[in-house]
Amino acid sequence: MGKTIAEKIFDFHRVDAPSDEIQVIRLDAVFCHEITTPTAILDLVSRGKDRVFDPSRIKAVIDHVTPAKDSKTALQGKILRDWARRHNIKDFFDIGRNGVCHAIFPEKGFVRPGYTIIMGDSHTCTHGAFGAFAAGVGTTDLEVGILKGVCAFHTPRTIRINIVGRPPSGVYSKDIILSIIQRLGVNGATNRVIEFDGPAVQAMSMEGRMTLCNMAVEAGATCGICRPDETTVAYLWEFIKNEFESPRAALAAYGAFRPDADAVYDAVIAHDVSELEPLTTFGYKPDQVKTVREMQGVPIDQVYIGSCTNGRLEDLRAAADVLRGRKISDRVRGIVSPATPDIFRQAMNEGILEVFMQAGFCVTNPTCGACLGMSNGVLAEGEVCASTTNRNFNGRMGRGGMVHLMSPATAAASAVAGFIANSPLYKP
Amino acid sequence: MKAFGGKILFLNRSDINTDEIIPAKYLTDISKEVLQPYLFEDLKIEGFNPKTDLRNVGVVVTRANFGCGSSREHAPWALEANGIHLVIAQSFARIFRQNMFNCGMMAVELPASTIDHLFDAYSASGASLQTDWENRCFLIQSKAGIEKIAFTVSKYDRSLVEAGGWVEYADANY
Numbered sequence: 001m002g003k004t005i006a007e008k009i010f011d012f013h014r015v016d017a018p019s020d021e022i023q024v025i026r027l028d029a030v031f032c033h034e035i036t037t038p039t040a041i042l043d044l045v046s047r048g049k050d051r052v053f054d055p056s057r058i059k060a061v062i063d064h065v066t067p068a069k070d071s072k073t074a075l076q077g078k079i080l081r082d083w084a085r086r087h088n089i090k091d092f093f094d095i096g097r098n099g100v101c102h103a104i105f106p107e108k109g110f111v112r113p114g115y116t117i118i119m120g121d122s123h124t125c126t127h128g129a130f131g132a133f134a135a136g137v138g139t140t141d142l143e144v145g146i147l148k149g150v151c152a153f154h155t156p157r158t159i160r161i162n163i164v165g166r167p168p169s170g171v172y173s174k175d176i177i178l179s180i181i182q183r184l185g186v187n188g189a190t191n192r193v194i195e196f197d198g199p200a201v202q203a204m205s206m207e208g209r210m211t212l213c214n215m216a217v218e219a220g221a222t223c224g225i226c227r228p229d230e231t232t233v234a235y236l237w238e239f240i241k242n243e244f245e246s247p248r249a250a251l252a253a254y255g256a257f258r259p260d261a262d263a264v265y266d267a268v269i270a271h272d273v274s275e276l277e278p279l280t281t282f283g284y285k286p287d288q289v290k291t292v293r294e295m296q297g298v299p300i301d302q303v304y305i306g307s308c309t310n311g312r313l314e315d316l317r318a319a320a321d322v323l324r325g326r327k328i329s330d331r332v333r334g335i336v337s338p339a340t341p342d343i344f345r346q347a348m349n350e351g352i353l354e355v356f357m358q359a360g361f362c363v364t365n366p367t368c369g370a371c372l373g374m375s376n377g378v379l380a381e382g383e384v385c386a387s388t389t390n391r392n393f394n395g396r397m398g399r400g401g402m403v404h405l406m407s408p409a410t411a412a413a414s415a416v417a418g419f420i421a422n423s424p425l426y427k428p
Numbered sequence: 001m002k003a004f005g006g007k008i009l010f011l012n013r014s015d016i017n018t019d020e021i022i023p024a025k026y027l028t029d030i031s032k033e034v035l036q037p038y039l040f041e042d043l044k045i046e047g048f049n050p051k052t053d054l055r056n057v058g059v060v061v062t063r064a065n066f067g068c069g070s071s072r073e074h075a076p077w078a079l080e081a082n083g084i085h086l087v088i089a090q091s092f093a094r095i096f097r098q099n100m101f102n103c104g105m106m107a108v109e110l111p112a113s114t115i116d117h118l119f120d121a122y123s124a125s126g127a128s129l130q131t132d133w134e135n136r137c138f139l140i141q142s143k144a145g146i147e148k149i150a151f152t153v154s155k156y157d158r159s160l161v162e163a164g165g166w167v168e169y170a171d172a173n174y
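Protein chains in written order, with this note's numbering: chain A, 1 to 428; chain B, 1 to 174.
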């Protein structure tokens, strides 16, 4: 009987199976940020177990509130910083070098096909784009991961989604994942891995695949995962060129993490995107999705372009293509946060930041801040934000605020219009 | 092992997310206890007032997909800080459920029909619940008397609860 990608990864990493349903796996990497890690660190200290299983496999970043906004967030940063120094964690990214965790860690080459990764952050599923099993966990799982390098999971069961058809111009990976969440519902994939496959995924850049996998958790999935292919190898080549003779050899080795043709799935879904329109959310759940056409004209107060979902260079380019030579509406506050310093620098060198600034956007440093209403663009009661982030929960970007999720192109077009609007890039 | 019982709070909605359980703005605290006053602060359900309705509550009964959204363990901690160690629902989001058992607390799934029955029979008049750990059943006490509701918890989840959580379990086993 054939195996899914997740089953193959578990076979390589299993250290124990305490019951039929539960497998304890060895971790290739434990990612940490300053919101969920300090409590784990303090608990380890209080237990007299202030140790790390392998400092080279722990990667840490201050990203949620940076620069610190108050004494409390300064203390969270300090606890993480002091801990990284104390344990000689070399891959620690502090201000000036820090970026949104799920953008900076792949960019540094820390994610490889077949890896097992946990982080105290639900959008850790992003890293499945590389053919890795990557899952968000709570602080206790993180704490044990830091100490022992293991984590327990249910034996993986997989839903396979074959994405077929070529999306129309101006329809992006973000629109595709919103359409999938709409189809599955917010708990349609709970306790399941989603394997995203098919020609539309094969045609996607790594950035597009990361956007896709990033929001798998919004359908309840443990991890979104894409088979490693030429695109994966090309992205990783600068990091792996000493490990393999050629990209072809790397691709052959990563074949160990491609699904078997006779793998057994919980469900196999064909999802045709050839006539997909740009989408946006309404309401407070990410499965409440309508076409931008249906939502056209809904007034907005703020536009936010950034986050682990859509703060990468490809996203900023798409938004800049819409904004070039245009000004955003007087009634709209535009905020763009390139997700990492490298993305920021590249956007600066390409003149993209200039386009944003000419259009009237505020360009901020890389941070998660506004997405979860912690800093850098919190909404007032009754305000509406067109956002490229991943959650539209009630109060998410600020108490009493409303969030409409959409692609960077739609967000940029909405900023110009002053209301939700389709971008001129959309050509059905 | 923690105590699993007390007055039941009924939350009649599916998909209650972690931002509704504890808003992100409170995640900047590094102590669990300070979360106590903010549990369910942004949860909007008709007839529910977090300021008054959490008093003496020990158990939450709710619908499907409770705890969806973020990975924040602050959600179980905020429940724990209010003396709530047991949530009973039709289903849970994965991370929330795991976090509960990792903290030595319980997230127990019951069939939709049983959840419907609990809402129908007790949500209006009020009831309290005790856990008979040996016999795997909940004893629900109301004016009408005592009702037994059987539940299952896997051997592995039971061992986490008995160990006091995943840190203790992993330390003993790995």
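Keep in mind that the hints were calculated from the coordinates and are not lab data.
These numbers were taken from a predicted model, which means no experiment stands behind them.
A hint or two may mislead.
[Unchecked claim] Lysine-lysine pairs mimicking DSSO-like chemistry, simulated, CA-CA at most 30 Å apart:
(1) B:Lys51 x B:Lys155
(2) B:Lys51 x B:Lys7
(3) A:Lys49 x B:Lys155
(4) A:Lys72 x B:Lys25
(5) B:Lys148 x A:Lys72
(6) B:Lys143 x B:Lys2
(7) A:Lys78 x B:Lys32
(8) A:Lys290 x A:Lys241
(9) A:Lys72 x B:Lys44
(10) A:Lys49 x A:Lys90
(11) A:Lys3 x A:Lys290
(12) A:Lys241 x A:Lys90
(13) B:Lys32 x A:Lys69
(14) A:Lys78 x B:Lys44
(15) B:Lys51 x A:Lys72
(16) B:Lys148 x A:Lys49
(17) A:Lys69 x B:Lys148
(18) B:Lys143 x B:Lys7
(19) B:Lys148 x B:Lys2
(20) A:Lys3 x B:Lys44
(21) B:Lys143 x B:Lys155
(22) B:Lys155 x A:Lys69
(23) A:Lys69 x B:Lys2
(24) B:Lys2 x A:Lys49
(25) B:Lys44 x A:Lys290
(26) A:Lys90 x A:Lys78
[To be verified] Listed next, with one range per pair, are the computed distances between beta-carbon atoms:
(27) B:Val34 x A:Glu350: 40 to 50 Å
(28) B:Pro111 x A:Pro428: 44 to 54 Å
(29) A:Asn162 x B:His117: 21 to 31 Å
(30) A:Pro428 x B:Glu162: 55 to 65 Å
(31) A:Glu294 x B:Ala144: 42 to 52 Å
(32) B:Ala112 x A:Ser19: 44 to 54 Å
(33) B:His117 x A:Ala380: 19 to 29 Å
(34) A:Gly382 x B:Val34: 41 to 51 Å
(35) A:Tyr265 x B:Asp120: 12 to 22 Å
(36) A:Ala256 x B:Glu162: 31 to 41 Å
(37) B:Ala3 x A:Glu294: 15 to 25 Å
[Said to hold, decoys possible] Covered by chain A, according to a simulated footprint, are these stretches of chain B (three or more residues, beta-carbon under 8 Å):
(38) 109-123
(39) 126-134
C-beta atoms are modelled at their ideal positions from N, C-alpha and C, and glycine is treated no differently.
Here is what the structure says about each hint:
1. B:Lys51 x B:Lys155: violated, 37 Å
2. B:Lys51 x B:Lys7: holds, 16 Å
3. A:Lys49 x B:Lys155: Given that 30 Å is the threshold and the Cα spacing comes to 27 Å, the pair holds.
4. A:Lys72 x B:Lys25: holds, 11 Å
5. B:Lys148 x A:Lys72: violated, 46 Å
6. B:Lys143 x B:Lys2: holds, 27 Å
7. A:Lys78 x B:Lys32: Distance of about 18 Å is within 30 Å: holds.
8. A:Lys290 x A:Lys241: Between A:Lys290 and A:Lys241 the Cα gap is close to 44 Å, so the pair fails against 30 Å, i.e. violated.
9. A:Lys72 x B:Lys44: Given that 30 Å is the threshold and the Cα spacing comes to 28 Å, the pair holds.
10. A:Lys49 x A:Lys90: It holds: about 20 Å lies between the C-alpha atoms, which stays within 30 Å.
11. A:Lys3 x A:Lys290: Violated - the C-alpha atoms of A:Lys290 and A:Lys3 are around 36 Å apart, more than 30 Å.
12. A:Lys241 x A:Lys90: This hinted pair holds, its Cα atoms lying about 21 Å apart.
13. B:Lys32 x A:Lys69: Distance ~21 Å between B:Lys32 and A:Lys69 Cα, so the pair holds.
14. A:Lys78 x B:Lys44: violated, 35 Å
15. B:Lys51 x A:Lys72: holds, 25 Å
16. B:Lys148 x A:Lys49: With a Cα-Cα distance of about 42 Å, the restraint between B:Lys148 and A:Lys49 is violated, given a limit of 30 Å.
17. A:Lys69 x B:Lys148: violated, 51 Å
18. B:Lys143 x B:Lys7: Between B:Lys143 and B:Lys7 the Cα gap is close to 13 Å, so the pair holds against 30 Å.
19. B:Lys148 x B:Lys2: holds, 21 Å
20. A:Lys3 x B:Lys44: Status violated; Cα separation ~44 Å.
21. B:Lys143 x B:Lys155: With a Cα-Cα distance of about 34 Å, the restraint between B:Lys143 and B:Lys155 is violated, given a limit of 30 Å.
22. B:Lys155 x A:Lys69: Distance ~45 Å between B:Lys155 and A:Lys69 Cα, so the pair is violated.
23. A:Lys69 x B:Lys2: With Cα atoms ~37 Å apart, A:Lys69 and B:Lys2 exceed 30 Å; violated.
24. B:Lys2 x A:Lys49: This hinted pair holds, its Cα atoms lying about 23 Å apart.
25. B:Lys44 x A:Lys290: holds, 23 Å
26. A:Lys90 x A:Lys78: This hinted pair holds, its Cα atoms lying about 16 Å apart.
27. B:Val34 x A:Glu350: 40 to 50 Å: holds, 45 Å
28. B:Pro111 x A:Pro428: 44 to 54 Å: holds, 45 Å
29. A:Asn162 x B:His117: 21 to 31 Å: For A:Asn162 and B:His117 the Cβ distance comes to about 40 Å; the hint is violated.
30. A:Pro428 x B:Glu162: 55 to 65 Å: holds, 59 Å
31. A:Glu294 x B:Ala144: 42 to 52 Å: holds, 49 Å
32. B:Ala112 x A:Ser19: 44 to 54 Å: violated, 25 Å
33. B:His117 x A:Ala380: 19 to 29 Å: The hint (19 to 29 Å, Cβ to Cβ) is violated, given that B:His117 and A:Ala380 are roughly 43 Å apart.
34. A:Gly382 x B:Val34: 41 to 51 Å: violated, 28 Å
35. A:Tyr265 x B:Asp120: 12 to 22 Å: violated, 37 Å
36. A:Ala256 x B:Glu162: 31 to 41 Å: holds, 38 Å
37. B:Ala3 x A:Glu294: 15 to 25 Å: violated, 50 Å
38. 109-123: With 0 residues closer than 8 Å to chain A, the region 109-123 of chain B misses the three-residue bar; violated.
39. 126-134: violated (count 0)
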